[in-house]
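> Listed below are the residues making up each chain.
2 protein chains.
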Amino acid sequence: MAYSFSHMVHSMHAKDVKLLMKQSSGKDMISFAGGMPNNDLFPLKEIEDIFHALPPDLKKLCFQYGPTAGYPPLIKALKSYLEKKSLPVEENKILITTGSLQAISIITQEFVNKGDIILTEKPCFVGALTVFETYGAKIIGIPVDENGIVIDELKAVLKKLPKKPKFLYVTPNFHNPAGIIYSLERKNELLETLAGKGILLLEDDAYSDLYFEQGDKHFKLPMKALNKSDVDVIYTGSFSKILGPGFRLGYMLASPDIFDKAETIKQALDACTSNFCQILAQQFLAQGALENYLVFLRKEYRMRKDLMIQSLEKHMPEGVDWHEPKGGFYIWVKLPAGIRSKNVFRESVKKGVVFVTGRTFDPKGKGDRFLRLSFANVPKNEIDKGIGILAEALKKTMTKRDKFNTIS
Amino acid sequence: MAYSFSHMVHSMHAKDVKLLMKQSSGKDMISFAGGMPNNDLFPLKEIEDIFHALPPDLKKLCFQYGPTAGYPPLIKALKSYLEKKSLPVEENKILITTGSLQAISIITQEFVNKGDIILTEKPCFVGALTVFETYGAKIIGIPVDENGIVIDELKAVLKKLPKKPKFLYVTPNFHNPAGIIYSLERKNELLETLAGKGILLLEDDAYSDLYFEQGDKHFKLPMKALNKSDVDVIYTGSFSKILGPGFRLGYMLASPDIFDKAETIKQALDACTSNFCQILAQQFLAQGALENYLVFLRKEYRMRKDLMIQSLEKHMPEGVDWHEPKGGFYIWVKLPAGIRSKNVFRESVKKGVVFVTGRTFDPKGKGDRFLRLSFANVPKNEIDKGIGILAEALKKTMTKRDKFNTIS
Chain G
1 MAYSFSHMVH SMHAKDVKLL MKQSSGKDMI SFAGGMPNND LFPLKEIEDI
51 FHALPPDLKK LCFQYGPTAG YPPLIKALKS YLEKKSLPVE ENKILITTGS
101 LQAISIITQE FVNKGDIILT EKPCFVGALT VFETYGAKII GIPVDENGIV
151 IDELKAVLKK LPKKPKFLYV TPNFHNPAGI IYSLERKNEL LETLAGKGIL
201 LLEDDAYSDL YFEQGDKHFK LPMKALNKSD VDVIYTGSFS KILGPGFRLG
251 YMLASPDIFD KAETIKQALD ACTSNFCQIL AQQFLAQGAL ENYLVFLRKE
301 YRMRKDLMIQ SLEKHMPEGV DWHEPKGGFY IWVKLPAGIR SKNVFRESVK
351 KGVVFVTGRT FDPKGKGDRF LRLSFANVPK NEIDKGIGIL AEALKKTMTK
401 RDKFNTIS
Chain W
1 MAYSFSHMVH SMHAKDVKLL MKQSSGKDMI SFAGGMPNND LFPLKEIEDI
51 FHALPPDLKK LCFQYGPTAG YPPLIKALKS YLEKKSLPVE ENKILITTGS
101 LQAISIITQE FVNKGDIILT EKPCFVGALT VFETYGAKII GIPVDENGIV
151 IDELKAVLKK LPKKPKFLYV TPNFHNPAGI IYSLERKNEL LETLAGKGIL
201 LLEDDAYSDL YFEQGDKHFK LPMKALNKSD VDVIYTGSFS KILGPGFRLG
251 YMLASPDIFD KAETIKQALD ACTSNFCQIL AQQFLAQGAL ENYLVFLRKE
301 YRMRKDLMIQ SLEKHMPEGV DWHEPKGGFY IWVKLPAGIR SKNVFRESVK
351 KGVVFVTGRT FDPKGKGDRF LRLSFANVPK NEIDKGIGIL AEALKKTMTK
401 RDKFNTIS
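Sequence order for the protein chains is G and W.
Position 291 (the first sequence) corresponds to 291 in the numbering used here; numbering is contiguous.
Position 177 (the second sequence) corresponds to 177 in the numbering used here; numbering is contiguous.
No wet-lab data here; the hints were simulated from the structure.
Heads up, none of these hints are tricks.
Computed list of lysine-lysine pairs in DSSO-like fashion (alpha-carbon distance at most 27 Å, straight line):
# : chain 1 : residue 1 : chain 2 : residue 2
1 : W       : Lys60     : G       : Lys45
2 : G       : Lys299    : W       : Lys60
3 : G       : Lys364    : G       : Lys163
4 : W       : Lys18     : G       : Lys261
Here chain G is said to cover these stretches of chain W; the calculated rule only asks that three of the stretch's residues, wherever they fall, bring their Cβ under 8 Å from a Cβ of chain G:
# : segment
5 : 63-70
6 : 242-250
7 : 275-283
Quick reminder that beta carbons are idealized off the backbone N, C-alpha and C, glycines included.
The task is simple: from the sequences and hints, build the whole structure.
This is the structure:
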């Protein structure tokens, strides 16, 4: 089926998609690939009830143009939602965007000219890499460890750069693909490192509501909330993981100066974001339905994460490593030395399992000792079977390499 | 009310908005300003019924990501819709965009670098002007008469240009703001003039379904359908006027080469257009609901147009001129020599009527002998009262000018 196939390949490396197409039509595959929410968990009834209950004037407004900055009641509802995350909403302004990718795109258009430098994490969300490449930026990736971006590596890069980078793009909470959350200490270190340097921090926070444990509240605090220095932090968020990507609803929280230019750019991109989607999301937020839905989602995704961790422990050979995520959608698996993710992919696809290879998330197309497994959009009863198949594919790849090493 | 105010000022000149804000909060004004459909005419029940009747799998898909090019069944439905307009859908590809303004924005990003020349009509749709300015284009406007762009003026400009323009942007069917439709002859002349010159034609066709008379079918044919020469025509269309701008749904029909780059740019703008909106629109199209709705819309807008023409004839002083539109939303009113639209605006706002001044649609901010009246989004029973007030404001402006002339 062409359509479900296009879903599976969402965020996959172009070369891997080619291989997948050669091997199969995507039918009956177990997919750990797509970075999207689970189709079976969307709040269908809640949204249908919300639309049905709208007063006629609001229904009409769903069909009409809205202001470029966003539907004012949604901005208001977002303000109190973001205030609960300790974000400084009063000194900043909110721009509603057509998905948070549009926010990243707008900021890139606002600050970056061809040849300008953008710093990212390595690995990095592939959608952001696509945006930065499209606008001709030179991308430099800074490694990430289990507590966040590696500060010494960042400092070393900053020293060597021929010119000041336009911004550093980070996803501190439940990283895509690395699955980690920055420690509070690392967040503060990063802010200190950037202080006084005039380098913007672009903080992408698409996943922070999807934690598995209540835990330490400060752990999940956005960097824009922690920031006490002079660093200009632009914060972006999304409804894609807490309502549905089909609404194409995101937002940015930025200082009034940055907001003003961003609003002008948005006007030239699509005039305004869908009122239809904005009004439904506003009601979902303002009526308190989001909170109940999040409780449900956290439980569901946690169950899938637990199943996948158990299966990894059961099936994976020695030398394979992973970090158990505290939230989000992903497990970032480190392969034994000398094993390349794309070779595992080749074996795995033959046997009916797909994932995303590590190189996909590297601006230079390297970093292929990793693979990203998404536990979000896969039926629970397929997880163990799929990880079993993946482990077999990995073992076969390891055997081949051993043979090759013996021969050569 | 801040929100209805923001609706009223949609597409108004910034200076006029300032004046309006000084004079009033926008409350109880009669607005001939907004270029949007009428809130009371949207197909609320049809869309609610469509969503309610969707099978569960399609409802889930509404919430999910879709392919960058668009929801495949919507592309299929659009193909047969565009085939009925004699458009060459087989040799071209369709890209679904977040409103047709996004299509214009993508084409501008694809072809235009800072300082490049874009040709437009004069007057020109203000949204397109905003896009072209944002990307740093040099805009040159070619006058329009009641049959379309003036070919001799176009030829004269082409001769004088220091470098080849990247494209010519036109809205041949029910022009915004001029209210005209290109004659078949003029369309063919324009294609002949561009033949062999390597200048793209960007054809914006947001209004062609909103005709008032069945008339000559060829009259409404898109230029992309008429084109037999080597001119590369990019055709854009929109659901904003035939379903609702709140869906932010548009599309482009372009050659495969242009499509490929456009798809890459779209991926970096918002990844994909809302599946929620696309699936509702696809059902609206595929179930045949659009055709019935258009019959209703044409009748309703025609009634408003007739009322406004009658009122203009009744109230306007001598020396005021207009062209009766055959479709669309607008009447473009020419003021007596020496009278400036912004001065009439000043008087008119004081008395409670707003419209859009002519300079708004001129890349150079001139062309102020005209004003645009929209009959689309105003209650029928306010039209005569509003035109009466406007006529009084105009007469007062004329008297002032006469006094001034006498004194000086």
